[in-house]
Amino acid sequence: MRQTIQIEQVLREAVRTPYRDLVTRATGRAVRSSIEQALEAAGATVTVLDFSDVGLVDLSCAEEIVAKLLLRQTAGTFVLLQGLREDQLEAIEHVLNHHAIVALIRDAVSGSVRMVGRVEPDMRDAFGALETGEELSTDRLAARIGWTLERARSALDVLIRLNVVRASDGAYTVPLAV
Amino acid sequence: MSRVVEIPAKFDDRSFEQFAHSFGAGALTDKMVFDARTAQWASPFGLVAMLTAGQAVQEAGGAMPAFTVPVAEDVRRYWTRTGFFRHAAELFELHGKVPKQKPDEQSDVLLDVTPVRASEDVHTVVGRIQEGAARIIHGELGLEAKATMGFAMALSEACQNIVEHAGTGGWVSVHAYKFRRQLGRRVVVIAVSDAGIGFRRSLEATQQRRFGDRWGDAAALEAAVIQHTSRFRDPGRGQGIAGIKRYLSRWDGKLTIRSGTARIAIVPSWDDDVPLTEHLSPFPGAQVQIVIPAQEAKRG
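Line order of the protein sequences matches chains A and B.
Just so it is clear: in the first sequence, position 101 is 101 by my numbering, and no numbers are missing.
With the second sequence counted from 1, adding 178 to any position gets you my numbering.
Among these hints, one or two may not hold up.
Within a straight-line C-alpha distance of at most 30 Å, the following computed DSSO-like cross-link-like pairs (lysine-lysine) qualify [to be verified]: (1) B/Lys-209 to B/Lys-278; (2) B/Lys-423 to A/Lys-68; (3) B/Lys-324 to A/Lys-68.
What the hints contain is simulated information worked out from the structure, not anything from laboratory work.
From a predicted model like this one, the values you see are computed outputs, not experimental measurements.
This is chain B alone, in the form it adopts within the complex (with noise of 0.2 Å):
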């Protein structure tokens, strides 16, 4: 019998632990039905959150998981025009109609869902979101046009951390969307996802000892997003992150990191998310946002 792992009706990083819980509640060769019936909407941190479950099971040699789609047709659209279902229809047995339609390039979806293995990915993704930045940011979001070369800088060095520290490949996209629940303004968010090692094992060798009967998964988080440290010994690493929390300060941005069974935010103003939080469901590798937020309107 299949274990049913529920998709979130509304799908994002703060309803993502109800899915982690889902998916974590037996082993990953477990036979799995994804169940997306009932659900109404996907942030990118949803939908690459949901291939990385996906790429997850492929790499622990588990069967084929079974996907339902959604019931609802905007949905599907909405979910295909993100590039989802292309990526997986290849990690997934896909049950229920998929619409075909390309990717709309003028869409809020700046970048569709990208596969992340390698050096040249990186530079595919960087290449493809500069247009529809700039077009975002500065026309819709009012920030500065210089913020959108920092917001590409930002989303290099984001994918990157797949390329050097997963161990594994990964996924990227980026969508602006209106964000109700806190700020009620558009944002622009990037959405980056892997199924690899995740941040406690990638800097085992070299902060363990540093850090002794404290060392987890937060404490690995708090060493790279907090202290900028690196697996590797180059005194010039770790820089990628300090760079992402320099633009994000700049913008009024949130950045948030779960890795393992543990979760640190960079909390802006606007919001009230927990700066660390620990003993989550685990999920495999690490899953990184950037929130960017629309200019506040001047008043008077």
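With the rest of the complex left out, here is chain A (with noise of 0.2 Å):
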């Protein structure tokens, strides 16, 4: 099951200013507070947090509503973030970079997703085998990039502790991609 998020409308309910932006601690807390709750009662295995007509994204927001959001996530639950302009997706990126964490980026028009945030080569390459949305087993994907079993198995190892990668009877997949 999958919802969308739309965070501008998320932040008109849970802050009630007549602006667009993402700043402060305690909005971002506030609008943390109000997605928990969405992801809470619709129990939704892949969720997207849609940005379009947010404003300024400051680093306190993007900490406490991305980073913690991240952190947090149960296992095999997904959330990618979509609707980002380059200034938003940096602070973005600067907080996960800080917490050694990473996220999946969606975009809207082509429905393509990528990782951001401290992203290691082999997490790259394995990612990158399976962005297409086919489904691959560790052997493939190994025989794929050319790599050991060993090495393919840590790669998607790091990928699904950081919720990045849905495991389904021992095959591999991006959760959205196209």
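With the hints as a guide, bring both chains together as one complex.
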């Protein structure tokens, strides 16, 4: 099951200012709290947070909303970010790097999914093999990249721990990848 | 008899030390006269510093200080346009003629003097700055359009320092002007000041032990600005100043933070400021200045 949360709408309801900016810790906490309630109510395995129509995203809000949501994510549930401008993405990348974590970014038009944050080379290569949406076993992933089985397993373990790759019956895929 | 606090004729972050010395020469509860009669100019740093001093006196329970306004009419007009007198009237007994004039939104005053007490004030500041910031930063300073949002982010983080750490309110103002002293180029200057507990007291509980005998205002600034530590144990804290520094390194900007008796500076290539200064005259709270220069014209 999948749900999309419009962050600008959550901001308006949570803070009630005339501004569209995600700034300050207090705002970030209020918005995150609303998102967490929505996640719990829907019980969706894949959630898209859509930042379209949001103004500035400062580091405090990037930390309170994105980093904390990702750090507290339940295994087997996935959060994708969508509709981000370059400056907003930059603030989010800053906090992801600070915590050595990654996030999935979805292009609303093409549907393509990519990873941002503290991405190590093996993570990038393994994710690259999966981002077309194809389901691959560890063996097939290793064969495709030309890695040992152990190296492929190790990279997949990291991607699963970071909740950016879905594992199901020995096959691996990127959520919502097309 | 009142103690006279001299307002420097040209009041910026450098001449601030003269002001801090004069202000700190006695108790906050002394009867004081702030003498600005000979003032010729004040940067946003100077303006918010004067209000911070007034606020500190008020919060210490001192008598409302007198404030003699500048004799020069153009200075009075400019200070009015910055919104200074509107707030000063609540902290000082103003002596002299203050022109009635609304802040001019198209002037070099990007953000008139604005109080910052709570999270909502930061929303207001960020909301108000964006249009003017785009006009000045991209239009006049020649920085890429994306620098505008980074500027608003830096402003937001600087203001949040008050909300999160000061324990009281503060002030912010943003002006654009030609910075003749070192640069000979136009700059945008963000000045943020509060009369709160300062960096040393804010970080004491978590950092004092680590620094041992070295602990003081300078060590606290070093912990916050160089090591990005915070009084909160949350590992996600301390990123605000790091983010400001990253923005400034990209656009060759300068950051100074003064707190208590020390001052730290992240010094760009165009400036010759001292990275860390200690044993200054004590001044309440913390004073932050961010300077973003115009892009240098390409030669040839």
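We went through each hint and held it up to the structure:
1. B/Lys-209 to B/Lys-278: Given that 30 Å is the threshold and the Cα spacing comes to 28 Å, the pair holds.
2. B/Lys-423 to A/Lys-68: Distance of about 23 Å is within 30 Å: holds.
3. B/Lys-324 to A/Lys-68: 26 Å, holds
The structure agrees with every numbered hint stated previously.
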